[in-house]
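There are 2 protein chains.
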Amino acid sequence: MTPDELTHSQFDTVYNLLSFSIAAQLFTAIFLLAAQGRVLARYRQAVLMSAIVCGIAAYHYFRIFDSFKQAFVTTAVGGRGTYVQAAGQSFNEAYRYVDWVLTVPLLLTELVVVLALARKLQNSLLYRLIPASALMIGLGYPGEISGDNAVRNVFGLLSTIPFLYILYVLFVELTRSLDRQPAAVRSTVSGIRYLLLATWGVYPIAYIIPLYAPHAGAAAWVVKQGGYSVADILAKCLYGLLIYKIARVKSTADEPDFAVREGVHTDQRVRVAA
Amino acid sequence: MTPDELTHSQFDTVYNLLSFSIAAQLFTAIFLLAAQGRVLARYRQAVLMSAIVCGIAAYHYFRIFDSFKQAFVTTAVGGRGTYVQAAGQSFNEAYRYVDWVLTVPLLLTELVVVLALARKLQNSLLYRLIPASALMIGLGYPGEISGDNAVRNVFGLLSTIPFLYILYVLFVELTRSLDRQPAAVRSTVSGIRYLLLATWGVYPIAYIIPLYAPHAGAAAWVVKQGGYSVADILAKCLYGLLIYKIARVKSTADEPDFAVREGVHTDQRVRVAA
Chain A
332 MTPDELTHSQ
342 FDTVYNLLSF
352 SIAAQLFTAI
362 FLLAAQGRVL
372 ARYRQAVLMS
382 AIVCGIAAYH
392 YFRIFDSFKQ
402 AFVTTAVGGR
412 GTYVQAAGQS
422 FNEAYRYVDW
432 VLTVPLLLTE
442 LVVVLALARK
452 LQNSLLYRLI
462 PASALMIGLG
472 YPGEISGDNA
482 VRNVFGLLST
492 IPFLYILYVL
502 FVELTRSLDR
512 QPAAVRSTVS
522 GIRYLLLATW
532 GVYPIAYIIP
542 LYAPHAGAAA
552 WVVKQGGYSV
562 ADILAKCLYG
572 LLIYKIARVK
582 STADEPDFAV
592 REGVHTDQRV
602 RVAA
Chain B
332 MTPDELTHSQ
342 FDTVYNLLSF
352 SIAAQLFTAI
362 FLLAAQGRVL
372 ARYRQAVLMS
382 AIVCGIAAYH
392 YFRIFDSFKQ
402 AFVTTAVGGR
412 GTYVQAAGQS
422 FNEAYRYVDW
432 VLTVPLLLTE
442 LVVVLALARK
452 LQNSLLYRLI
462 PASALMIGLG
472 YPGEISGDNA
482 VRNVFGLLST
492 IPFLYILYVL
502 FVELTRSLDR
512 QPAAVRSTVS
522 GIRYLLLATW
532 GVYPIAYIIP
542 LYAPHAGAAA
552 WVVKQGGYSV
562 ADILAKCLYG
572 LLIYKIARVK
582 STADEPDFAV
592 REGVHTDQRV
602 RVAA
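As given, the protein sequences belong to chains A and B, one line each in that order.
Numbers 332 to 605, taken from the numbering used here, label the letters of the first sequence in order.
Numbers 332 to 605, taken from the numbering used here, label the letters of the second sequence in order.
These are computed hints drawn from the structure, not numbers from a lab.
Treat the hints with care, since some could be wrong.
It does not matter which identical chain is used: a pair holds within one copy or between any two.
[As the list claims (entries may be wrong)] Taking lysine to aspartate or glutamate and the EDC-like style, the derived pairs with C-alpha atoms no more than 20 Å apart in a straight line are:
hint, residue 1, residue 2
1, 451, 593
2, 400, 424
3, 576, 397
4, 451, 335
5, 400, 510
6, 555, 593
7, 576, 593
8, 576, 335
9, 400, 586
Computed from a prediction, not measured in an experiment: that's the story for all the values here.
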């Protein structure tokens, strides 16, 4: 629940966090778009998708930022004053779900696509990951917009089932298909899965805060906004940059000419081949 | 502290300075993006990063510009009048820190990446420069938002420690790895370090103005905004263009074909080889 009142510093902190997220996501998108030529053609789809995910997220943060600014008005006549909720406006928190329902299936697709697996295996993974992720977010939404804790509980639990299934596919099924990947790719994929686990873990924690700390107040709410922002930056920007790294490593491993042209250092080439 | 009142000319001066910064940063970013193909593939990462830094800075100056415009309202009923602070609005000066925490680690990374050092040496430099620069900015922030001079003093001093460490790494450690660089690169790197020293020196001066001249008034504040803007333009745009120059010089030195294709003049080629 959005708090009724924020201090001037709390308002500024959320303002800065949301704008920081816009900057990180927008410029990661631009970087990845501009850098697509720096991987072999076969890996460009994954890099482009990473760019699009960051771009979509940046667009939604522009909306979240505007919604936040409109939801609060200053009480100050002179001096700094505090911020209270504007009549008839509310900070549209559920808006984040619109972002996630677009970006999360794309994030999972990027990861599968950049590995350039056999077509049959790739489709098998995608036909399970994409519906599961859409279900996970779709089931979370009714709980998020409900003011009723029982409803929030039920949908939170339901949403956890596809989440666990996604983890199963990523950590068990995907592992079986990593044998043929270069060593540096295996370790980056491993890192990327833990990044997903750690950042996606922030969302259920933020989701249950209203259940177990309904009167946590404005300070807890500011922390929650910070948690969402940082998790979104890591799960989109850092994740996208790691996809780019995998694409670079695989390009280097696939074609020695690429490594020479791109000036990849000999020690790195040896590490890739290991 | 933002002054309570600005004359019409003072308001216009800050307005113009902030807009000038947007123009310089936005179009340096566009230039560098468009020019990435004019260096060898191995140096494009550094040029792209320079473009991204200028882009991020331009985005933040748009926000700073908006914050400035909203923070002041005219007193004029007829005639020109003056500008006073709008109720409940304040010019969000701490916002600059959001920009720096993204751009400063990237600026240092560009410099290391464009030199195309051995991977081990590159990582060793980055693992020290990036955390130190994040620490420098993170420690400055609590002092900047505090109204208490003692707090401002303590955090200012703490922030100076990582700053000095960065200078040590750049001026002592980096120097050892410049031996294998072309002569023109050595002198440009040397120039770029002094540019960093000179422009970064503006920030602590602006930081301590409220400590030692608390009643310096609106005119001093306008000078401070000018100092920040010029320092940001030099530290991002000029710096980025120098990174581009290093990338061009190294491309020419690496491949004679590149020099011919790009029509680099013979005397310049000779100078590079020297």
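Hint check results:
1. Taking CA atoms no more than 20 Å apart as the test, residue 451 paired with residue 593 passes between copies only; the shortest distance there is 17 Å, against 32 Å inside one copy.
2. In this assembly of identical chains, residue 400 and residue 424 lie within 20 Å of each other by CA distance both inside one copy and across copies; the values are 13 Å within and 18 Å between.
3. Taking identical chains as interchangeable, the C-alpha atoms of residue 576 and residue 397 are never at most 20 Å apart, the minima being 33 Å within one chain and 36 Å between chains.
4. In this assembly of identical chains, residue 451 and residue 335 lie within 20 Å of each other by CA distance neither inside one copy nor across copies; the values are 53 Å within and 53 Å between.
5. With identical chains, the CA atoms of residue 400 and residue 510 are never at most 20 Å apart, being 50 Å at best within one copy and 53 Å at best between copies.
6. Taking the closest pair of Cα atoms, residue 555 and residue 593 never come within 20 Å of each other, the shortest separation being 42 Å inside a single copy and 43 Å across copies.
7. Proximity of residue 576 and residue 593 under a CA criterion of 20 Å is satisfied in both settings, with 14 Å inside one chain copy and 18 Å between copies.
8. With identical chains, the CA atoms of residue 576 and residue 335 are never at most 20 Å apart, being 44 Å at best within one copy and 50 Å at best between copies.
9. Proximity of residue 400 and residue 586 under a CA criterion of 20 Å is satisfied in neither setting, with 50 Å inside one chain copy and 53 Å between copies.
The earlier numbered hints that this structure contradicts are 3, 4, 5, 6, 8 and 9.
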